[in-house]
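Undergrad: Going line by line, the protein sequences match chains A and B. The opening residue of the first sequence carries number 1 in this note's numbering; numbering runs sequentially from there. The opening residue of the second sequence carries number 1 in this note's numbering; numbering runs sequentially from there.
Bear in mind the hints are in silico, worked out from the structure with no lab data behind them. Owing to the predicted nature of the structure, the values given are computational and were not obtained by experimental measurement. Hints should not be assumed to be uniformly reliable.
You can't tell identical chains apart in this list, so a pair holds if it fits in one copy or across any two.
[Said to hold, decoys possible] Keeping only pairs whose Cα atoms sit at most 30 Å apart, straight-line, the calculated BS3-like set for lysine-lysine is:
| hint | residue 1 | residue 2 |
| --- | --- | --- |
| 1 | Lys247 | Lys235 |
| 2 | Lys186 | Lys110 |
| 3 | Lys40 | Lys247 |
| 4 | Lys242 | Lys45 |
| 5 | Lys70 | Lys180 |
| 6 | Lys252 | Lys85 |
| 7 | Lys295 | Lys45 |
| 8 | Lys110 | Lys180 |
| 9 | Lys70 | Lys247 |
| 10 | Lys247 | Lys110 |
| 11 | Lys247 | Lys210 |
| 12 | Lys252 | Lys210 |
| 13 | Lys316 | Lys252 |
| 14 | Lys180 | Lys73 |
| 15 | Lys73 | Lys45 |
| 16 | Lys70 | Lys85 |
Protein chains: 2
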Amino acid sequence: MGGDHGTHVTVPAALKFLKAHPEVNVVLVGLQDAIEAELKARHAKTGPRLRIHHASEVVAMDEPPQLALKNKKDSSMRVAINLVKSGEAHACVSAGNTGALMATARFVLKTLAGIERPAIAKLMPTMRGTSCVLDLGANVDCSPEQLYQFAVMGSALYGALNHNERPSVGLLNIGSEDIKGNETVKAAGELLKASRLNFYGNVEGNDIYKGTVDVVVCDGFTGNVALKTSEGLAKMLTEFLKEEFFKSWWRKLIAVVAMPVLMSFRHRMDTRRYNGASLLGLRGIVVKSHGGADKLAFYYAMEQALEEASSGVLSKISETMSGHAAASADPLEI
Amino acid sequence: MGGDHGTHVTVPAALKFLKAHPEVNVVLVGLQDAIEAELKARHAKTGPRLRIHHASEVVAMDEPPQLALKNKKDSSMRVAINLVKSGEAHACVSAGNTGALMATARFVLKTLAGIERPAIAKLMPTMRGTSCVLDLGANVDCSPEQLYQFAVMGSALYGALNHNERPSVGLLNIGSEDIKGNETVKAAGELLKASRLNFYGNVEGNDIYKGTVDVVVCDGFTGNVALKTSEGLAKMLTEFLKEEFFKSWWRKLIAVVAMPVLMSFRHRMDTRRYNGASLLGLRGIVVKSHGGADKLAFYYAMEQALEEASSGVLSKISETMSGHAAASADPLEI
């Protein structure tokens, strides 16, 4: 039900997803009437692979998370997360209110052992492939221990999705030297150095897109600013490029000739392909789609959920965390 | 002497600057022999508008700022800043070690009344023109009062350069609502609301390039990450665009046809034009050029210094700060 377009986006995306993945079933959670109307408009029907699970309430995009959690016990996002909790669903995908989704997921699913707080993680395109960046906004202030936990979570996600046993981890900072940054980041660096993770060291903002490391760890404030600044810059550059090609009839003609190149460039930097953000650290898989996502973008968020569900990322996090606990208990082993 | 290319960049940039601004004189500060050799190679001579001021030491790009400050009293950056202090020069431009430049400038020039710490400010291109963003890395941890002072400094700089009496100020945050962000940012928001500045409210990362406000205020950690992330993304996108145009001989042909458009796009997003970063809040004008700057980029940093020196930005900051002090002393006036 969530996002700027509700079922107009989520339902067609689900139909596309069902076609692409014949081994997966989909449960549409929300207002039965709205979902049925959307299905009908798309000439689609429920069946063994597609069912509707009614939920009588909807969390508004601007609703305070704590109020949504307290008052809307039959909201679509709450019910969908309940399905994950009960094991009826392997993952939940939502385009709804991020804060409410995080608060509800945390309340219903709880965090994995050793994880204090979940984080929002995303795969971002880089010059060398993709990197996982977290936290992107769930935790404004983070302790060094939390940043370490993010590193464990990000490594597990990146490793599971890319079949990489030891992804490299970088700590986002404002210089590569150990002495740079604030006290929290410095202490997190020490924890990471002493850990069994493949810690590269400090990285800077430009390293995200350079692809210097597989996993970039930062607090949610910094990560959110980096992500949104990137969105803004990409939009501005696309706009400028378009403007340059529309300045005269002659240039428009050139644009027509260059169209195939421009289109493949556009496809390559299409942020819709990187839409799914994982709520990591929970005892269940929850993927957040951008609220403004269109059908294709929401489809990619569902793909992200499927990949996570198939790759055993949760057990990977638990393993590392329990290994960490064992290591801490036995100082000789460090 | 500073930057990755030393006099090979600074000297030709200075020569270009002298030609473009017949009303301005330039003092080249550094190792006399190196500067003379570079001038000779460029068939240029010293004269009434161009003189050399010898300084026997050079601060290395990776030298710890405090050591440079303590041990290199005759470094080119120290001597250049001394010239600003004594009034012999109206501004200092350096491509050298940022930390050392900041530490030296702060030690020699001192901060303006009411300003606790200087900040690094830069004009960034936006969809609506330019915005001033600060701090970009001088202050890792900032108090709400310091963020307020950055807002005063940024407003003065933007206002002076753009002849705008009341530039709008945004506080960089991870959501537009007042309740978002950490305690420091929330408290800074309260200070800004109560101030005489034209405070817009919270802005997010994407607002920087949208040009939502004239001045964007943040701590140096966040600002540095936003700036460097932008650099990385712009580089990646340019690289991708180039790759797309080089994929086949047919596409290369299209690139030739589209060249005028691509070149004007490139010019428009040319970061060299935004190279100068101001060390704001000092009793003197110091502009930092990117260490990797080429001749044109360093030239633009000199332009930035000239504009600052001609626009009375320092007295503007002092005025606002003394107005603020008066307002604080008289509660009825707020």
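Undergrad: Now, for every hint given, state plainly whether the structure supports it.
TA: Structure-based check of each hint:
Taking the shortest alpha-carbon separations for Lys247 and Lys235, both the intra-copy value of 18 Å and the inter-copy value of 24 Å come in at or below 30 Å. For a Cα distance limit of 30 Å, the shortest separation of Lys186 from Lys110 qualifies both inside one copy, at 29 Å, and across copies, at 29 Å. Taking the closest pair of Cα atoms, Lys40 and Lys247 never come within 30 Å of each other, the shortest separation being 44 Å inside a single copy and 44 Å across copies. With identical chains, the CA atoms of Lys242 and Lys45 are never at most 30 Å apart, being 41 Å at best within one copy and 46 Å at best between copies.
Within a single copy, Lys70 and Lys180 get their C-alpha atoms only as close as 42 Å, which misses the 30 Å cut-off; across copies the closest is 20 Å, which meets it. In this assembly of identical chains, Lys252 and Lys85 lie within 30 Å of each other by CA distance neither inside one copy nor across copies; the values are 54 Å within and 54 Å between. Taking identical chains as interchangeable, the C-alpha atoms of Lys295 and Lys45 lie at most 30 Å apart only when both belong to the same chain, with a minimum of 18 Å there against 66 Å between chains. With identical chains, the CA atoms of Lys110 and Lys180 are at most 30 Å apart between copies only, with a shortest distance of 24 Å across copies and 35 Å within one.
Taking the shortest alpha-carbon separations for Lys70 and Lys247, neither the intra-copy value of 54 Å nor the inter-copy value of 55 Å comes in at or below 30 Å. In this assembly of identical chains, Lys247 and Lys110 lie within 30 Å of each other by CA distance neither inside one copy nor across copies; the values are 55 Å within and 49 Å between. When the C-alpha separation of Lys247 and Lys210 is checked against a cutoff of 30 Å, the pair qualifies only between copies, where the shortest distance is 21 Å, while the shortest distance within a copy is 32 Å. Only between protomers do Lys252 and Lys210 lie at most 30 Å apart by alpha-carbon distance; the minimum there is 25 Å, versus 33 Å within a single protomer.
Within a single copy, Lys316 and Lys252 get their C-alpha atoms no closer than 52 Å, and across copies no closer than 46 Å, so neither meets the 30 Å cut-off. Taking CA atoms no more than 30 Å apart as the test, Lys180 paired with Lys73 passes between copies only; the shortest distance there is 25 Å, against 46 Å inside one copy. Proximity of Lys73 and Lys45 under a CA criterion of 30 Å is satisfied intra-copy only: 28 Å inside one chain copy versus 80 Å between copies. Taking the closest pair of Cα atoms, Lys70 and Lys85 come within 30 Å of each other only inside a single copy of the chain (18 Å); across copies the shortest separation is 61 Å, beyond that limit.
Against the hints set out earlier in the document, violations occur for numbers 3, 4, 6, 9, 10 and 13.
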